[in-house]
Amino acid sequence: MKVLLAKPGLDGHDVGVKVLAHALKAAGHQVVYTGLRKSIEEIVQKAKTENPDVIGLSILSGTHQILCEKMNAEMKNNKVNIPWIVGGNIPAEDVNALRKTGAIEAFPTGTQIETVVNYISNFKK
Amino acid sequence: MEPSVVQNKKEEIKNVFLESGLEVKPLYTFTDEYKKNPDFKEELPGQYPFTRGIHPMMYRKRPFTIRQYAGFASPEETNERFNFLIKNGQTGLNVAFDLSTQCGLDSDDPRALGEVGRVGMAIDTLEDFEIAFNGIDLDKITVSLTVNGSAIVLIAMYFALAEKRGYDLKNLRGTAQNDILKEFIGRGTWIFPVDKSVKLVVDTIEYCAQHVPKYSPVSVCGYHIRESGANPVQEMAYAFCIAKAYSDETMKRGIDIDEFASRLSFNFDIYGNLFEQIAKFRAGRRLWAKIMREEYQTKKEESCWMRMIAGGGGAGLTKEQPENNIVRTAYYALVSALSGTQTMALCTYDEAFTIPTEKSAEIALRTMQIMIKEMGICDTVDPLGGSYYVETLTNQMEAAIKKEMTKVDEQGGIIKGVATGKIQEAVSHQAYQREKAIQDGVILKVGVNCFKKEEAKRAIEFHPYNIEAAKRQVEKLKRKRAERNNEKVKLLLNVVRDDAIKNVNLMPSVISAVKEYATVGEIIGALKEVYGEYDEPIFF
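Read top to bottom, the protein sequences are chains A and B. 640 is the number of the first residue of the first sequence in our numbering; add one for each residue after it. 68 is the number of the first residue of the second sequence in our numbering; add one for each residue after it.
Source of the hints: derived by calculation from the structure; they are not laboratory data. Positions of the beta carbon are idealized from the N, C-alpha and C atoms, including for glycine. Hints should not be assumed to be uniformly reliable.
Here are some, though not all, of the chain B residues that point toward chain A, as calculated from beta-carbon distances under 8 Å [to be verified]:
1. Arg178
2. Gly181
3. Gly296
4. Ala419
5. Tyr532
Turn these sequences into a full structure, and let the hints guide you.
Structure (C-alpha cells):
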C-alpha cells in the first residue's frame, strides 16, 4: 500500500505523523510525507503526482473541520478519486461531522498508532 | 568504615534503566560515583558552579515566578484572561500567539483560514499589543512572548509599546522564546532558511545587549526537543549546543560574552522519572557554568547562570482519564521546585484536548500556590543536595550530557545538524521507539497501558473557538490599514527590506515600522522577499 501523509494548515506538530510514518513503514507500506504547512491545493497536487492508495491528513491545531471541507472540494474540483483519512487532535464528537466532509475515516485524540496501521493494512484497494 | 549493603541473593530484582540509558541501583551509599565530584562537599547555592541553585537564598528570598501560558481569540479576550490570572496571584505572563501570528501571516491571509485566534491570540499591529497589555504594569508583571519565527516583529512591538507607555528600555524586563533552532527540530513555526533565521535571533541579542540590557531575548528550549522524542540527556545537550551556537554567532559581531550571556535563559521539560529530571537540572546548571567559564572565559558570575522555566511536560500527560493529569502536573511542579527553577508554568489537565479553560487554568495556578503555601517547598535551598542517589545521578548526567554535546560537535555542530535534518531524523526515530515501548508496555502509563478504564464520552469541557472574535480581528486589521499613514508604512517597509539586503541589524528598522502600525505579515513578507523561505528536508 502506498500512503501519502500530509500536514495541511499552519500546525507544526509533526511527532504523531512521523511516528505513524515509521509504523507504516515497519508494517511494509510505502510512505510519502509532504512535510509541514502545506496548503490543501498543494496536497491534492502531490496526490496527483504520487498516486497513493490512501491519503492521511494530520491536523492538531483544531482546524480539522474547515480543512477537511476544503480537502473535499479540492479533490472534487481536481477529479481526484483517492480515499483519504484524517487524524490528530480531534474530539471524538467531531468524528461523524468529519466523515460527512468526505473523509472515509477520522481518528480522534487518543487513537493508538496500531489502530491506524491496522486500518490501512486491511484497506481494500 | 564505609557502610556495606547486604545482598539478599534469593530476592530477585529487575534491572532498572532510565530513559537516558543510565542504570539505577536499588541502593546508593557513601561510595562510588557519589565521591567522583571532589567539590560536592563545598558546593553552595549562589556559588560557581551553581549545581545547588543560582542564588544563595533561592525561594526563601522569593518563590519562583508563576507564569501560566495564556492567550486566545483576540487581544480583547486575552487581556481579560491576563487580568483574571493576575488577580488570582499569577506573577508573570506567558503569552500564547495564534499560528498565523507565529508564522508571520496577517489575520486576513488566506493561509490563516480557521487559525485566527485559535491556539493563541491574534496579533496584527501594535494596536493589538496596546489592547492586550492594557492596564498591566510592565514593571511589576514581566511578560514572556512565546514566539519564534516572527519573534523579531513581536519583540519590536513589545519595545515600541513599552516606549510609548513611558517605560525606560534600560530597565525593561521580560523574555522572548525566540529560539528558532529548536523550531526546526520540533514545534515547526520556522519561516526563513536556517542561517537567516539564526541571523534574526542574533540581531535581537545584539540589540538587547546595547539598548535593553535587562531583557532576555532568547529562551533556549530543550522542552520542545524532548517533546519531539529526545531523551533527557539529549534535551540538555542539544539546548546547550543551541545556546552556544547563538553565543558564537553573537561574538562574531564583536560583542563580548559578558554583555549578553546573563540574559540567555532556558526552557526545559519535566515528564518522566522524577530523580532523572532533578539530576538533569542540577547537572545542567553545573555543566553550563563550566562551559561559560572554562570555554567562554566569562568574567561575570551571572554569565554562568543556567536560568530556566520548567514545569510543563505535555508529552507525559494523557488523553485517557484526563483528571489524572492534575496529579501528574502536581508532581511536575514538585520536580521543578526541587530542581531550583526560576519560573514555573504547568500544563493544564485538559491541554491534551484543548486550550485551557478558565477553570483548568485556575487549577494549575492553585497547584503551584498550594505547594508554595502549604508544603514548605520554599524554606530550604536544594533540599535534595547531598542525597546519595541524587548527587550520584547528577555526576552521571553531567558526564552524559557532555558526551552527547561532543557527539553533536563531531558531526559538524548543531546548526549543520538541523539544516541537514539529521537531528530531526534521530529525534523522530526515538519518538517512534518510545511509542512502541508504550504500546508494548515497556514504558507504563496509567490509564493508557495499565489500569485502563471505560470512560464516559465527554470527560472534559472544551474551550470553544471564538469565530466572532476572529471576524472582529480581521475587521480591526482592515480599519487599521485604512487609517494609518500608508505612505510612511511603505517607506519603512522598504527600509526593512534594504537593511536585510545590506545585512545590518534589523531591530531598529522593524521597531520603526511597527510604530507606524506596519503589520506582522507585511514585515515578515518584506523579509521573505530578501531571504526566501525554509525548504524542509523530509526525514522521518
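Verification of the supplied hints:
{"no.": "1", "hint": "Arg178", "result": "7 Å, holds"}
{"no.": "2", "hint": "Gly181", "result": "4 Å, holds"}
{"no.": "3", "hint": "Gly296", "result": "6 Å, holds"}
{"no.": "4", "hint": "Ala419", "result": "7 Å, holds"}
{"no.": "5", "hint": "Tyr532", "result": "6 Å, holds"}
Every hint, counting from the list given before, is met by this structure.
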